[in-house]
Amino acid sequence: MKKITFIIVSFVILFSACEKDDLSGTLDDVLYVRYKNAEMPAYIHGNGSEKIFLIILHGGPGGKAMEYRVGALKDLEERYAIVYFDQRGSGMSSGNYSKKDITPELMAEDVLALVKVLKFKYGNDLKLFLLGHSWGGALGTRVLLMDQSPFKGWIEVDGGHNLVDMFDYQVTRFLEVADEQISEGNSVDFWTDLKSDVNEIKEEGYSDENGGKLNELGHSTEERLMDDHVLDDKDKVSVDFLNYLYEESIIISSVSSSVVNGNLNYLWTTLDYTPQLNQITIPSMIMWGEYDLVIPYSMGVEAYNAIGSTDKYWVLFHGSAHSPMMNEVKQFEQEVITFIEAHK
Amino acid sequence: MRKVTALVLFLSLFAAAFAQSDVKRKGFQKEKLNFNASYYGETVWYPGLKVGAEYVISEKKKDKTKKSRKKGEFTKTKTNQFIITANLGYFWQPHNYGSLFVNSAILFRHTAHKGFQYNFGVSPLGMNTFFFNETYDVSEDGTVKKAALPARIFYSPSIILGLGHTMKKKLTAWFFNVHITSLMPYNSSVNFLAAMEFGFRFNILKFQ
Chain Z
-16 MKKITFIIVS
-6 FVILFSACEK
4 DDLSGTLDDV
14 LYVRYKNAEM
24 PAYIHGNGSE
34 KIFLIILHGG
44 PGGKAMEYRV
54 GALKDLEERY
64 AIVYFDQRGS
74 GMSSGNYSKK
84 DITPELMAED
94 VLALVKVLKF
104 KYGNDLKLFL
114 LGHSWGGALG
124 TRVLLMDQSP
134 FKGWIEVDGG
144 HNLVDMFDYQ
154 VTRFLEVADE
164 QISEGNSVDF
174 WTDLKSDVNE
184 IKEEGYSDEN
194 GGKLNELGHS
204 TEERLMDDHV
214 LDDKDKVSVD
224 FLNYLYEESI
234 IISSVSSSVV
244 NGNLNYLWTT
254 LDYTPQLNQI
264 TIPSMIMWGE
274 YDLVIPYSMG
284 VEAYNAIGST
294 DKYWVLFHGS
304 AHSPMMNEVK
314 QFEQEVITFI
324 EAHK
Chain P
427 MRKVTALVLF
437 LSLFAAAFAQ
447 SDVKRKGFQK
457 EKLNFNASYY
467 GETVWYPGLK
477 VGAEYVISEK
487 KKDKTKKSRK
497 KGEFTKTKTN
507 QFIITANLGY
517 FWQPHNYGSL
527 FVNSAILFRH
537 TAHKGFQYNF
547 GVSPLGMNTF
557 FFNETYDVSE
567 DGTVKKAALP
577 ARIFYSPSII
587 LGLGHTMKKK
597 LTAWFFNVHI
607 TSLMPYNSSV
617 NFLAAMEFGF
627 RFNILKFQ
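Protein chains in written order, with the working numbering: chain Z, -16 to 327; chain P, 427 to 634.
If you're looking for bench data, these hints aren't it; they were derived computationally from the structure. A portion of the hints provided could be inaccurate.
[Unchecked claim] Mimicking DSSO-like on lysine-lysine, the simulated pairs with C-alpha atoms at most 30 Å apart in a straight line are:
hint, chain 1, residue 1, chain 2, residue 2
1, P, K504, Z, K57
2, Z, K110, P, K571
3, Z, K102, P, K572
Keep in mind it's a predicted model, so treat the numbers as computed, not measured.
Please model the entire structure based on the sequences and the hints provided.
Encoded structure:
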C-alpha cells in the first residue's frame, strides 16, 4: 500500500512540475489563440530562460508577423523570447466574423487574450514587453489604453497613434526632405518631380486614394534614399522571403491581409489617440527613423511628449526610414536591450 | 461571388444531367471506374496525399481516317469524356495546421490519339477542415483552456485544370492537376488555396 501511495504521489509531483513549459532551452513554439470567433497564431522563438517575452505587433493593417523575424528582432532572440503575433484577419489568422467585427478595440482584446495564453502556458511570472511597428504602434497604444498592467514596458517604432493627422505630417515631411535633398544635390530631378506630385496631392487634400499614393511614395522613396547613401546600409537586411514562404502560406496570408486592410480604411479619418496618451504610464521608448516618409518622426515627437510615463525615452535613427530595425540593426538591438534590462 | 457560385452549380447540374442518361442506358461498367493516388502539394511545398475514384459517365469517340506515306491509311481516335470524381486528401502546413478535405468534382477530359490528355472541371461540393496546432481558448471572462481538437470547417468549391498521358501497363495514366480552392467563410470574406497534384490512375480490373 505504501508503495502504491509513493508511486501515486511521485506521479502527481512529476506532472505538477511539468504543468508549465520548460523555458531553459531555446523556444520554437507555434500556438494559436482562439478568441471571439478567430484563431490567431503566435510564433514564439528565442531565449526564454529569463522569462522575458517581447510581443511584436506587426504593421499594416494586414501585415504579417513572420516578416519581422529578421534583423534586430531575430538577433534579439538570443537574449529574449520574441512573440510574433498574427493579428485578427492578418497573416495565417482564420475565423468567421463580419467586417464590422474588425475594430481596433477587438484587436486590442485579442492581444490581451494572447497575454493570458502566454501566462497560462509559460507561467504567471513572465516579464512582458510590447513592441508595435507602424500600424502596430496604433494597435499597441489601444492595448495599453485598455489595460497596461500586464506589461513592463512599451516600445513604439514608427507607429501611428494618430492616423487623422498623418496626411498633413506626411506632406510636410515629404517637402522638407525634398528641399534638403535638392540642396545637397542628391537626385535633383527625382526630388523636384516628387515635390510637384506631393504639392498636387496637398492641393487635392486627403482621400483614400491620395493617402494610398503618399503611403506608396513613402515606401518607394526609401530606395532612392538608400541609393544616395542617405540611409544607413551597412547592416541593412530585407525580409527573409524564402523562410517566410516556408513558414506562412503566401496565398492565404496575402488575401487575408488585403481584405483586412480594406476593412480598416475608415480609421484614417477617425483614429486619434493623442488626447489619451497621458494615460500610458508604464516605461515607454519611442523609436523612429529620421527619413520615415510613411509615418514621419513628428508623429513620434507628438507621442513622446503626450505619453504620461515618467520613464520615457526618445530614440531617432538618423540613417533609417520606416523600419530602423532593418536598417540600423545593431543600434536598434542595443537600444531595446538597454530598455528591457532597465525595466525587466 | 453569387454569379460564380451560380455558374458552378449550373455547369455541374448540366453535366450531371447530360451524363445521367448514359449511365442509365448502359448500367454500371467496371472498366469505367478508375482510382487514383497522388502527391498533393498545397502551395506546391506543403506536402499532402490524395486518393480518389472516378467514373466515366459519358464518352464520345471520334474516328478520323488519315493517310500518310509511311503508315498508309490509318485511323485517329479522339475521346471526350465526362467524369465524376470523389476524393479524399490531407495536406500539412507544418507551422499552422493539417487539412483534411473531401470533395466531388465533374470533369471534362479529352484524350488525343497518342494518349495525351487534358481535363478541366469544377468541384461544387467540397469541404476542408483545418486542424490547428496547439490552440488555447480564451473566454470573454478571461478563462484560458487548452482546446482538445481545435478545428475549423470551410465550404470549399474548387476548379481543376490538368493534363496527363495514358499508360499501357497496370497504371492507366499519369496526370498533373492544378486545383484552385476557395475557403468559405474565411475571416470576414473568402480565401484561397492553390495546390498542385501529380499522380497515377489505375483500373482495378488490370490487377485482377
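To see whether the hints hold, each was checked on the structure:
1. K504/P <-> K57/Z: Answer violated: K504/P to K57/Z is near 59 Å, above 30 Å.
2. K110/Z <-> K571/P: Measuring from Cα to Cα gives roughly 21 Å; hence the hint holds.
3. K102/Z <-> K572/P: holds (13 Å)
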